[in-house]
Each structure stands twice: as structure tokens, then as C-alpha cells.
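Combine both chains into one complex, guided by the hints.
Line by line, the protein sequences give chains F and V.
Heads up, the first sequence is in the working numbering, so the first residue is 1 and it goes up one at a time.
Heads up, the second sequence is in the working numbering, so the first residue is 1001 and it goes up one at a time.
Please keep in mind that the hints were generated in silico from the structure rather than gathered at the bench.
Please note: incorrect hints may appear among the correct ones.
Simulated crosslink set (BS3-like; lysine-lysine; CA at most 25 Å straight-line) [said to hold, decoys possible]:
| id | chain 1 | residue 1 | chain 2 | residue 2 |
| --- | --- | --- | --- | --- |
| 1 | F | K173 | V | K1307 |
| 2 | F | K173 | F | K134 |
| 3 | F | K151 | F | K128 |
| 4 | V | K1307 | F | K128 |
| 5 | F | K134 | V | K1307 |
| 6 | F | K173 | F | K128 |
| 7 | F | K128 | F | K177 |
| 8 | F | K177 | F | K134 |
| 9 | V | K1307 | F | K177 |
| 10 | F | K134 | F | K151 |
| 11 | F | K151 | F | K177 |
| 12 | V | K1242 | V | K1269 |
These numbers were taken from a predicted model, which means no experiment stands behind them.
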Amino acid sequence: MSSPSGTSATERDTTSSDRAVPRPEVGAAPASNADGTTVFDVDGLSVYYGDFRAVRDVTIDVRQHEVTAFIGPSGCGKTTVLRCFNRMNDLIDIARVEGRLAYHGVDLYERGINPVEVRRRVGIVFQKPNPFPKSIYDNVAYGPRIAGLAKKGNLDEMVEHSLRQAALWDEVKDRLKASGLGLSGGQQQRLCIARALATNPDVILMDEPCSALDPIATGRIEDLMEEIKQEYTIIIVTHNMQQAARVSDRCAFFTTEVNEQSDTRTGVLVEYDQTEIMFSNPSDERTENYVTGRFG
Amino acid sequence: MTAIPAQITADVVAAKLKGERADIAGVAFRFLLFACLGIVLAALIALIATVSGEGIPYLFGERGLADFLNRPGFSEPEFAGVYQALVGTVSMAVIIAVVAFPLGVAAALYLEEYASDTFITRTVSVIIRNLAGVPAVVYGLLGAGIFVNSRLGGATGGETLLSAGLTLAVLVLPIVVITSAEALRAVPASLREGGFGAGATRWEVVRTLVLPNAFPGILTGTILSLARALGEAAPLILLGAKTSFGGGDWGDIRGNFTALPNLINGWAKLPESQGWEPNKQAAILVTLVVILGINAVGIILRNRFEKKSR
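So here's chain V without its partners, still in its complex pose (with noise of 0.2 Å):
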């Protein structure tokens, strides 16, 4: 038998190899799968554009970003500002997160790692994924009962910025419990087998190994209901956000309130004619810019936890 010449062989297998078969329904999912992505970025692009049309001028027009961002919100259009609702937001955001981020971790680690798997903790765990899919609405009715006009509305002050926080952490508890157990979830059992063998209490094992190892999933399901959460109206409307009202200055959580949404939707029931497109479309550009500057801060915490860990 001869053998066959080195050069003939190499081409006939590189025909072979370099052969290219149609892949269209590959191609066409690719192609699928991108239009998806555009559809998404569509929307985003659409909001945006529509709000910065009149917005953008305005906030960066002769009346000035600064002036907007430090006037209350009554009076006519030329003067009102968001400056009440900025500080209503913000502070529901750190309310929330005191309140809201240390309940439900404590509740989801106690599911997770300290409960056994019984018939009640199953409930309980349903019960807890259920009550993250009712409407805000009825959490504000919640608030407004709880808060405002039980006991409780001595401490709180009744329709404040206090009430309005603490509803909406209300609102937030079951989706930082249910996004905190998944967290928990995750981290390998043989992490706490290691921990656990190397002579550690239950203590020992979540504060050393299971919290460092969760926590930046834990912050980041904290963060995106926070962001959620801010962008409600309807419970505030229950707990009574005013529009126009004297006040609203930081740390002035015992007083009437508003927050950006409740601003926006009284701005746009208001009638055309008055003139008040611009400042709607400017506190759109606002809210949105505090919704990003939280996840932002959300992103930061948690690429440094996640470097510790490591």
C-alpha cells in the first residue's frame, strides 16, 4: 500500500473541516434574540425622548437646575420645583432600607438557616411569596390603617413622611425576604459543611461564612425593590402626599409629605393650558436620575463586598 502524499491529505481535510453548512435557524434566533434587545431599548429611548423634548431645556434653561431642584412645588409653573418630593423620596429610600434591609434579612436567615423544613416554614414561605405580589394600593390601605390611624399614629405623626416610609418598607419586607433567601440559597452547602467541621457554631458559620458569601446578592435584590418602591404613587395617595403644601424640608420626617411620583401625577392632572408640561417632563428627568443614582450605589456596594469575599 502507498502512502498518501502528506499535501493531498491535509487539503482534503481541510475541505472537509472548512465546509460551512447554513445555520439558519441558528441565525435567525440570533437575529430574534437582538430584535428582542431593541424592542426593550426601544421603550427606554421612547421615555426618555419624549420627556427631554421640553424637559432638558427647562432644567437647563435660563430658570436653572438648581432653582428647580430647591423650590417646593406650588405656586405657578415658572417657580414650582421638586424640591419637597427630592427630599420625600430620599428619605422614604433611607427609611426603607433601615427598616426594611435588617427585618428582612433577619426573617429570611431565619428561614433559611436556622428553621427546619416543616409544614409551617413551607407556609410561611408561600405566604411570604404571595404577599410580595399584592398590589401597593393595599399596602397603602395597610399603612394608612397601621400607621396613621391606629395607636400608632401618635409616634408617627399621622399622614407624615414617617408613615409614608415605613408603608412602603411594609410593601418592600416580602421581596427583601424572598431575594435575601434565594442569596442564602446559593451559597454552597459545603461552605458551611467546612465551616461547621472546622469546630464553628450556627452563629459562627452564618456571621463568618453564609452573610460575607450572600450579601452582595442580598444587596442587590435590597436595592432593586428599594428602587421599585419609590416609584409608587398610589399608596402614598392613601397616606396622604399633598402637592402644594408648606414645609417638606430634611429631616422633617414628622410633616406633610409628597414624593416624585405623587408630584408627576398631580402635575399632569393639572390642564394643559397652564403651562406645567415642562416641569412634569423636568421631574420625570429627576426621578429617573435618583432611581439610577440608587442602583448606582447599589452596583458600588456591592463590587466591593463581592472583591472581600473573594
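Okay, chain F solo, but in the shape it has when bound (with noise of 0.2 Å):
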């Protein structure tokens, strides 16, 4: 657990219930782990390619200790706003980022902030297992090596720990020079998470962590992902809304809206709330449609 969250977060709490916060559902009780500390806080996000608006008017904040789940029809935005939670969408030219998202009070795309920086305290964890094609422990030491954490003697420990955080060092401890290219489709995911989890993050983001995974590996990972919320702040996108309503604590949204003239889809925002409500008593309709199954 990363300490820095500790005095800057307080001072960050009150600033954030200073600010009117148009849903009154958000404030209520926050679920089990949460001390109701806001980790992001996102406000009017709007993300652009070039002059195409992709998503608009993004509003939401993350609390700490929580999976936060972006659910919505392909095509509405949900990873191009997950993306900005670590920079990752500067990797497109012509990406470009309006409103505000502040990550512990500090906004992200305020000048001088460095991406980089951004990234080792909000780690990622991609919709397709991308290990690198090296040894499963040069895989996991990877972040620490490059962010300077490896002292020697204890990257070992770091990469057993982080193997064993995503349930993963049973299988491997015994291999872990051999390729992370030979492990099946869900070690290799958990080798991912664990790789993110190497760095010692604050937040994982995950986009669509299980979409190319069978039932049993999908539910290793969501079990961890449980696991692990003790510790950070987890962010997923699932196409998948069972998943949605298991892991999260609370729920956000995403639907399309068709700009009549130019004929483009621009990502909304509908509803963000307590997973709970979400699934159960939604305030909007097309979030209803969405869960019932009705619509997408």
C-alpha cells in the first residue's frame, strides 16, 4: 500500500465534498473496504481524435479500495476514458484530453506532469495477455527494474510477491526462467496483472481483463481481483455485465449517442452509481434497458 495517499488524500476529501456533486446517490454509504477516500476525481472529461469528440462530459470519482466497473455497448468510449486514468491514450498523435481528472487532488493533464510517473502509480492491465517475450520472473521484475526499486536480494521477494498477489506463483515457482510466452491464455493474463502489481501501483486499470479467457480462468481473476482490492484501486472495463455486477462496488454506464449531422458516435456517460443500484433500481432508462438485457 502506497503511503502517499495518506495525508494528500485527506486534505483531497475535503476539497472534492466541497465541490457540488450533482448526484446525491454517490454520497451514500460506500461499500465494504472503503474508507470513502477519492482516488480520481473526473470532471466534464472529454476525449477528442483529432476534431471527432469520442466521449463527452465524463463525469465520476473513484474511491480507493473499490472495483469501479465501466460497463456499455461496444463502441461508447468506456477504454478511451480508461485510458486517461494513465496517460496511455498520449500514445495516439491525435488524442487529445478536455475537463478535468485529478488523481488525488493532482490533475493529470495539468503541464508538467510526467506520464511516466503517472503510469508506475496507476498501473494497466491489457484486454489481450501481452507478457513480453522474456522469462516469466523477467517479466514481473520488469517495472522494478526500470523504475530503479530493484535493490539487490529483494527483487526475488518482489517478484514472489507480486506472483503470489495474482495467484500465480504456485504454477510458475518452479519455471520461473522458462518463457511467459508458454503459459496458457489465463496464466499469462495473471502474469500481466502481476507484472502491474510489480511496480507497486495505487490503481489498476483493467480493460476487458477476461474477454479472451475461458469460465475458469475468468473466475481465478475475478477472485483476485477481490483479493486485491484490499490493497489498491481497481478500475475495469467488462463488456460482460454478470462480471460487472460481481466484482464492482460501483458502476458506470456508457452508452452512444448518434450525432444526427455528421453521422459519428459520440461515448456518454448515462448513470454512475453503487453497482447495486446499478443493477437493481437504475434512475435512468437506457441503463435499465442495458441490464435487463433489453438494449446492446
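Shown next, in the form of C-alpha cells:
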């Protein structure tokens, strides 16, 4: 658990409650582990690709030690929004962000913010498992090594700890020198989770982490999310509504709006609330239609 | 309804499954492909056969291979050898590799990994592609202008092995850039994303993930272009390649030079009655072996790096 969240986050909390939050439900009783600290405060976030507005006006707050799920039909900008949280969109030349995305009170798109430092605190797991063509050990050790966290001797410990957190240790402890590409799909994805955990981040972003996996591997990863949220904050994009219902504490539903004139689609946030409410008693009809399977 | 006996059903099914339909087009296509391969091989075999007739007996005859490889290219056919040309070709290979490889890979890295996709970047890429198609003779003129007749001539010594090597390096540079860029583009985007996602800087992503992954491809392209450059005689003529001169020893990069293609060219132009035919054929065989050797080194290196990156 990273210490910087302590002091700065408390200060942050007061400022964030000063801000008028439009949805009254958001202030409601926090879910199980959450201590109510806001990790991300997103306000009026829009993402553009060139002149095209891909997503508009997203306003949510992400709480510490919670799993926040982004759900919605294909092309509604869930992944685009997720990639704003660790500035992965910077890698796309034409991508541009408007609005405010604050991490413990600091706007990540402020001048002088180093995306590399952001990504060391906000790790990411991708849709398709993408282990490096290196050994299992080197995959996990990658982050600590480049971050200069690897002091002699304790790198082994860090690797073991991360692999244990990712529930992969028992399966690979005898072949740490073997290539990460030789693992099964589910194991590869847990290796990628271990790689993301190894830099000791604050937040883990997961972009449909189970979409390429079978139900058993999916179950493993869901269990491990439940486990690691004690220490981390998780944001997950998922196509699978049951998964969102099972793993998340809060849930944001996105959909697309068709712009009549230009025949383009822009993603919008429809509703953001506690998962329980989203699935049982959503306030927007579109959410209800989606979660009950009438659309999308 | 009575059940159909299992035996009968299986027989019927088997008969249908085993029924052979003649795939005439498929067979014809396969034959055509095989014939094309045959033509390619025939050209190579014809070349080797033509130069083996007198070349092999000469190389392994009473004169001996060692003598042929260790004598300069002048005087009488009985004594003339490929020593200076071999020194020239191998030295140029080293100069090309040392100069063109880092420059070309660096340029490709910048274009592919750093430069944003603008009009200027695309224009530069197109220009480099076109440069790869410029005839070698033109590069010979360019080299004469830059490395021999300009102020740089003082550093290179004028019409020297160094000037020739540098000119050939410039000649292969566009090809090295293009093939390296292709190899870099073939590195999956997911690998880069994984690196950035783990908190790596661009330089760290390039150094630890992109380059190791692209290296086998870069190496293959570079070696192929190197082998091609070493077969060029025309630009070297413009740079003052000689057939008969003194010196031309190993390490003598600021002296007179020749190369295997130029030596072959020189010997081929002499009247047949003087009896240079065996020398010429033997020199062609030596050239083939040198090129083969360079490609072999490339393949060995590539396999080593491929194993490492897996």
C-alpha cells in the first residue's frame, strides 16, 4: 500500500466534498472496504481524436479500495476513458483530453505532469494478455528494474510477492526462467497482472481483462481482484454485465449518441452509482434497458 | 422405422468420403510452382557449372588455393591471384557494416518510434524509398564528389579503400533504413503498450522491448543489402579501383584498392588468348564463397538473437 495516499488524500477529500456533486446517490454509504477516500475525481472529461469527439462530459469519482466497473455497448468509449487515467492516450498522436481528471487532487493533464510517473502509480492490464518475450521472472521484474526499485536481493522477493498476489506463484515457481509466452492464456493474463502489481502501484486499470479467457480462468481473475482490492483501487472495463455485477462496488454505464449531422458516434456517461443500485433500481431508463438485456 | 445396420451406414459414408474428385487446377498450380523453383535453381546451377569447368581444377590444381588467395592481381595469369581484391571486398564489408548499420538503424528508429506522423515524415520516407532505387553508378559519382574530390579527400586519402567503403555504405543506407523500419513496424503494438503501461520511458521501451524484438529482422535486411553492395563494380570504377597495383594489404585502408567484382571485370576484358579464363572463373567462385560466408554470418547471428528474445 503506497503511503502518499495518506495525507494528501485527506486534504483532497475536503475539497472534493466542497464541490457540488450532482448525483445524491454517490455520497451514499461506501461499500465494504472503502474508506471513502476519492482517488480519482473526474469532472467534465471529453476525449477527442483530432476534431472528432469520442467521449463527452464524463463526471465520476473513483473511491479507494473499490472496484469501479465501466460497462456499456461496443464503441461507447469505455476503453478510451480508462486510458485517460494513466495517460495511455498520449501514445496516440491525435488524441486530446478536455476537462479535469484529478488523481489525489492533482490534475493529471496539468502542465509538467510526467506520464511515466503517472503510469508507475496507475498500472494497466490489457484486453489481450501481452507478456513480454522474456522469462516469467523478467516479465514481473521489468517494472521494478526500470523504476530503479530493484535493490540487490529483494528483487526475488518482489517477484514472488507479485506472483503470489496474482495467484500464479504456485503454478510457475519451478519455472521462473521459462518464457512467459509458454503459459496458457489465463496464466499469461495473471502474469500481466503480476507485472502491473510489481511496480507497487496505487491503482490498477483493467481493460476487459477476461474477454480472451475461459470461465475458469475468468473466475480466478475475479477472485484475485476481490483479493487485491484490499490494497489497490481497481477500475475495470467489461462487456460482461454479470462480471460487473459480481466484482464491482460502483458501476458507470456508458452508451453512444449518434450525431445526426455528421453521422458519428460519441460516447456519453449515462449513469454512475453503486453497483447494487445500478442493477436493481437504476434511475435512467437506458441503464435499465441495458442491464436487463433489452439493448446492447 | 427399422434401424439401418451400422455396417451399411459406415460403408456408405466411407464411400462418399473416399470419393476422389480430380483437382486439375490444383495439381497444375503445384506443378507450375515447382517449375518456377526449378528455373530459379537452374540459373544458379548454370552459373556454378560455367565457372566450375576451369575454375575448380585451377583452384585445387598444382597451383593451389593458398597461392591464388595470397597473390596480387598483376603479372602473368599463372601467378596472378585475388589477394588484394579479397582484402578490398572484406574490408569494405566491415566499413559498410560499421558505418551503415548504426546510421541506418538510428534513422529508422527515429522515423518509426519518435517522429510523429506528419507530412514531412512521410515525405522523408518516400524520398528514402526512392534513394534505394537510384543506380549504383550514381552513388559512385556521389562518392567521388564527397569522399575523393572534396575537402574530405584529405581525410580519406582520395581514391582509397576508405572512400570506396564509405561510398558503398551510403549506397546501402536507404536499404538499411527501409528494412529496419519494416522490422520495427513488425513489432506488435501490444508489446510497446505493455512497456509504457509498466511505467517505462520511450527510450526504455525501445531499448528493452522494441530493439531486441526487431533485431533479427534488422540484421537480415542489413546482411542482404551488404551482400548486394559487395557485388557492385561500377561505383568502384568511378572511385579509382585498380586491377594492378602494389600494396593493398590488410589494414591499408588509405591506399589503392580493388574488389572482387572489379578484378573479375578487369580479367574478363583481357584477350582470351592470354589465358586468364581459369583465373576469372576461380575468382568468381571465391566471390560466391565470400557472399555465402557473409550471409551465413547473418543467419547465425539472427538465430542467436531470435533464441535470446524468446
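Unsatisfied constraints (hint numbers, rising): Number 3 - this is the single hint that the structure violates.
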